[in-house]
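Turn these sequences into a full structure, and let the hints steer you where they fit.
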Amino acid sequence: MSAVTDSAVARLESVLGANAIFVAKAANRELYALDGVSPTAFAKPASAEQAAEIVRFAAKENLSVIPIGARTKLFCAPTPARYDVALDLTALDDVAHYDPADLTVSVGAGMPLAKLNTMLREQNQFVPLLVPYYTQSTIGGTIAAGLDSPLRNAYGTPRDFLLGAEFIDGNGAQIKTGGRVVKNVTGYDLHKLLIGSCGTLAAITRLNFRTFPLPATTQGFLAAFPDYKSALSARQKVIHSPLVPLTLDVLNAQAARLFDGHTNGTAPIPEIDSNHWYLFTEFSGNEDLLARYKRELAEIADQSQAGDMHILEDSTALAAMAARLRESIAHFQEHFAAPVIVKLALPPAQHTQAATVLQSIADAAKLPIAVIARASGPILIATSLQSEHSASGEATDFPISFLFAREILTLARSFGGRAQLISAPPQIKPAYRTIFRESLASERTLARRIKSAFDPNNLFPTLDAPAAPPTPPKSETSQSPSPSLAAAAQTDLPPSPPTPPPSKQS
Amino acid sequence: MPGVPTPSNAKSHRDLTRALQKLLGRDAVLSRPEDLILYEYDGSVEKGRPDLVAFPGTTAEVSEIVRLAAKHDMPILGRGAGTGLSGGALARSGGLMLVFSRMNRILELDFDNQRAVVQPGVVNLDITRAVEHAGFYFAPDPSSQKSSTIGGNVAENAGGPHTLAQGVTTNHVTALELVLPSDGEIVRVGSKQGDSCSYDLTGLFVGSEGTLALVTEITVKLTRKPEAIKTLLAVFETVDDASETVADITARGITPAACEMLDGWTLRVIEDYIHAGFPMDSGAVLLLEVEGMLEAVTSQAAAIDEICRAHKAREVRVARDDKERDLLWKGRKNSFGALGRIASGIYVLDGVIPRSKLPQTLRRIQEIGTQFGFNIGNVFHAGDGNLHPIVLYDLRDNEQFQRALKASAEIIRYCVEVGGSLTGEHGIGMEKSELMPLLFSDADFDFMRRVHDAFNPKCSLNPGKIFPLGKGCGETRLKPHHVQTPKPEPTAAPAPPASVNAT
Chain L
165 MSAVTDSAVA
175 RLESVLGANA
185 IFVAKAANRE
195 LYALDGVSPT
205 AFAKPASAEQ
215 AAEIVRFAAK
225 ENLSVIPIGA
235 RTKLFCAPTP
245 ARYDVALDLT
255 ALDDVAHYDP
265 ADLTVSVGAG
275 MPLAKLNTML
285 REQNQFVPLL
295 VPYYTQSTIG
305 GTIAAGLDSP
315 LRNAYGTPRD
325 FLLGAEFIDG
335 NGAQIKTGGR
345 VVKNVTGYDL
355 HKLLIGSCGT
365 LAAITRLNFR
375 TFPLPATTQG
385 FLAAFPDYKS
395 ALSARQKVIH
405 SPLVPLTLDV
415 LNAQAARLFD
425 GHTNGTAPIP
435 EIDSNHWYLF
445 TEFSGNEDLL
455 ARYKRELAEI
465 ADQSQAGDMH
475 ILEDSTALAA
485 MAARLRESIA
495 HFQEHFAAPV
505 IVKLALPPAQ
515 HTQAATVLQS
525 IADAAKLPIA
535 VIARASGPIL
545 IATSLQSEHS
555 ASGEATDFPI
565 SFLFAREILT
575 LARSFGGRAQ
585 LISAPPQIKP
595 AYRTIFRESL
605 ASERTLARRI
615 KSAFDPNNLF
625 PTLDAPAAPP
635 TPPKSETSQS
645 PSPSLAAAAQ
655 TDLPPSPPTP
665 PPSKQS
Chain H
120 MPGVPTPSNA
130 KSHRDLTRAL
140 QKLLGRDAVL
150 SRPEDLILYE
160 YDGSVEKGRP
170 DLVAFPGTTA
180 EVSEIVRLAA
190 KHDMPILGRG
200 AGTGLSGGAL
210 ARSGGLMLVF
220 SRMNRILELD
230 FDNQRAVVQP
240 GVVNLDITRA
250 VEHAGFYFAP
260 DPSSQKSSTI
270 GGNVAENAGG
280 PHTLAQGVTT
290 NHVTALELVL
300 PSDGEIVRVG
310 SKQGDSCSYD
320 LTGLFVGSEG
330 TLALVTEITV
340 KLTRKPEAIK
350 TLLAVFETVD
360 DASETVADIT
370 ARGITPAACE
380 MLDGWTLRVI
390 EDYIHAGFPM
400 DSGAVLLLEV
410 EGMLEAVTSQ
420 AAAIDEICRA
430 HKAREVRVAR
440 DDKERDLLWK
450 GRKNSFGALG
460 RIASGIYVLD
470 GVIPRSKLPQ
480 TLRRIQEIGT
490 QFGFNIGNVF
500 HAGDGNLHPI
510 VLYDLRDNEQ
520 FQRALKASAE
530 IIRYCVEVGG
540 SLTGEHGIGM
550 EKSELMPLLF
560 SDADFDFMRR
570 VHDAFNPKCS
580 LNPGKIFPLG
590 KGCGETRLKP
600 HHVQTPKPEP
610 TAAPAPPASV
620 NAT
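Those sequence lines, one after another, are chains L and H.
Here the first sequence stands for residues 165 to 670, numbered as in my numbering.
Here the second sequence stands for residues 120 to 622, numbered as in my numbering.
Some hints here could point you the wrong way.
[Stated by the list, open to error] Within a straight-line C-alpha distance of at most 30 Å, the following computed DSBU-like cross-link-like pairs (lysine-lysine) qualify:
| hint | chain 1 | residue 1 | chain 2 | residue 2 |
| --- | --- | --- | --- | --- |
| 1 | H | K130 | H | K190 |
| 2 | H | K344 | H | K265 |
| 3 | H | K344 | H | K190 |
| 4 | H | K442 | H | K431 |
| 5 | L | K224 | H | K577 |
| 6 | H | K590 | H | K525 |
| 7 | H | K130 | H | K141 |
| 8 | H | K442 | H | K265 |
| 9 | L | K458 | L | K393 |
| 10 | L | K224 | H | K590 |
| 11 | L | K401 | H | K344 |
| 12 | H | K265 | H | K449 |
| 13 | H | K344 | L | K458 |
| 14 | H | K344 | L | K393 |
| 15 | H | K442 | H | K344 |
Quick caveat, the hints were computed from the structure, so don't treat them as lab data.
Laid out in structure tokens, this is it:
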């Protein structure tokens, strides 16, 4: 396997010239570690041209490259089989174009999302991406990670407002796609492929967005329901009403604890009851509209046996809650031991059946499971595998967690949905990725074709987990032919085969 | 040249015809010149005659046809209603054309999830007709929606007046079933919910102009009918005032559901024909629509009214009822048909510009018209900066036609110059492929070609589209193309009926 040798560094420096920043100091490499794998070197190009130069160099020298922004969402990328160069794109943070009157903006991929929105705010505009690690994230990393934003209920996802992009392919060529006008069918929509590509296709250097006017006065509504059926039924009623709220989420108590213990001055955020399910929604408009939202939401909640209802008019408290919801994935990663976070893409009417299964998993396996069921989006599921680690840190109970994954896969398949691993501890990540890829059916082979068109030399991380997982779940399922987690939790499972951690390279 | 088979390929041609007849039935295959001639044009100014036309009825048949055609080394392409305006559904290299009119079933209506699963031959408006009783509609509304099919809409990523707030076709497609051109493999991409959980392949295939795969099933979003709609007709003395109004509405962050402009010259032609109620003596009108919750509609309409008046609107009229609203829209959606009454050749452009550049671009278009000796009309989606300059010419006069093409290229060049793009909703097809280098570099083309080849490696599907000559593939078989090799039209062909409803 190639590595970045001192002479390679010297050669690269000679290629890039004196101004290039290319450092291979051991101490700094750790910053770019992904699942415990550190790069041999990192490069922080000052321009897209320099970045392309580095990729061309890497291609020539057969070095692997991972494009990197603020390093907040590296977890979404597959565990690297090779990791020679971390391509830090944070210096590409220019604003190439912003004409507020056109509601379009074109920025370097390294532009921090929060900084972009601060700039847009001066013109009363924003890019509606409220993603975890919001304050640190770069816009490039945000698009590459493709994580969900609660605002999609009103504004859609990046595929609806990303207008164009520039990126570096696996040959080191600088490629342009789309444009910066709001309607455009010139050429293939290649920029859509970058969304959620997690660095596996290309190094994004520039992104063009449609911007939106900031919403008018925003208020919120939180209602507690005795069970998921009533909470989701209320949500369905809102979906099929004339109301068009900014966000519309149903959370179980475990997830709603996001909001716990958070007070802002005089307006405490309501306490979460562990037996309840919650509907949280934000809406905006003029006084008449706000009054109507509050009235009709209360009516709908009431029809669905809601208990406590809170109208959230205090903008500071509401903003705090919105920020908590935005950071849900970060919250689960921080507060759950050995967190596993999964996205289950099912249409909204199927969320009830999904919740039934999830609830039974939680009850039977005694796993803490947090559920956020997004009206116009997927269900986010977070669980903690804490109990599965013995004191010595040995992961003795992985069968349970694999069955959890299998159960979610079955759920996805039975309704024509998709499942995707968002994050997991490195030891089980490859196995989980393998399991969830099964929900993708024929797309997997097409995805490979896309990968080789973008990255013919496999310079960027491979799409599929490189090595076979330490304990292929097959051996488990063969021992328990009906891999129902509920059943598994009640039977004594045979001890799992030894599960050595995946070999890490350093 | 295709259509005049050499003896060696004549046998192969006959064999393929027989195999197709056996597969689909005799009535589902056309091979006689007098039948094929009906499929040699679409809504564009180009032509390209297929060697064979087949009407598959199932996905399995499409897959089998792909394999048969490959065996006989015959290129293939898909076609819906042929209303496209960029030559996307023309057999530029001859070959076998698959017309999807028999695959026109709505397979599933799922109102709870606001989705419909349809076959590609379903007519756009028929989706709305099938769901309106439940309070839904299919939002993308190309002016051709009465005849254009969803398969064609998907291939071209069709737009329409109401895509300003609601988005174009790609924003309303969540999953596809496809037949790959390499081996007839049937694959599915996307999901009913919409999130891909992998690369956004649905997003790639929608708008790929039928060059990557044949679409055999489409899952679309159904949109809830708005609670309230207000349609406004704002009348201006000058095009300048109208375009300044549009720029101002945009800049203030108001997104109407639709914001269409008709210049005075065009609206007079339309009014003569449709009697929609456009004032004959005006310089330009804006047809604006706001929709949504009643309270929001009321305040947005008031804001728009105010902006129009600030820009010297002579009158802002609100449609009193559905009848008046429908009439105004009838005028807009039949514009090209109306223009067809006064000229044998209509060349509709599709450039896009940043919306703040609207006033200067419309002035520039008039200058270009004067320079090339045309009266260029404008009826277009002003709200998203999607221009439709219309050049009228005499179909029999080749010199005039060549001049029209030059004027058009000049307009598109200007669109690019001010930060815009070649096409907003009609597609590149064979019409604008030679203008692609205005936006893309050789490296970009190499890259696009790799993506193309990942699915269509032998260029057996819809060759000669999107890529400029020399950058694409399948060119050895290419028929001459207007922009490339001007050829006189020997006889006056009737104006293609397909263009009547097309946008």
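Structure-based check of all given hints:
no. : hint            : result
1   : H:K130 / H:K190 : 13 Å, holds
2   : H:K344 / H:K265 : 19 Å, holds
3   : H:K344 / H:K190 : 48 Å, violated
4   : H:K442 / H:K431 : 27 Å, holds
5   : L:K224 / H:K577 : 29 Å, holds
6   : H:K590 / H:K525 : 22 Å, holds
7   : H:K130 / H:K141 : 16 Å, holds
8   : H:K442 / H:K265 : 18 Å, holds
9   : L:K458 / L:K393 : 22 Å, holds
10  : L:K224 / H:K590 : 25 Å, holds
11  : L:K401 / H:K344 : 15 Å, holds
12  : H:K265 / H:K449 : 12 Å, holds
13  : H:K344 / L:K458 : 22 Å, holds
14  : H:K344 / L:K393 : 27 Å, holds
15  : H:K442 / H:K344 : 17 Å, holds
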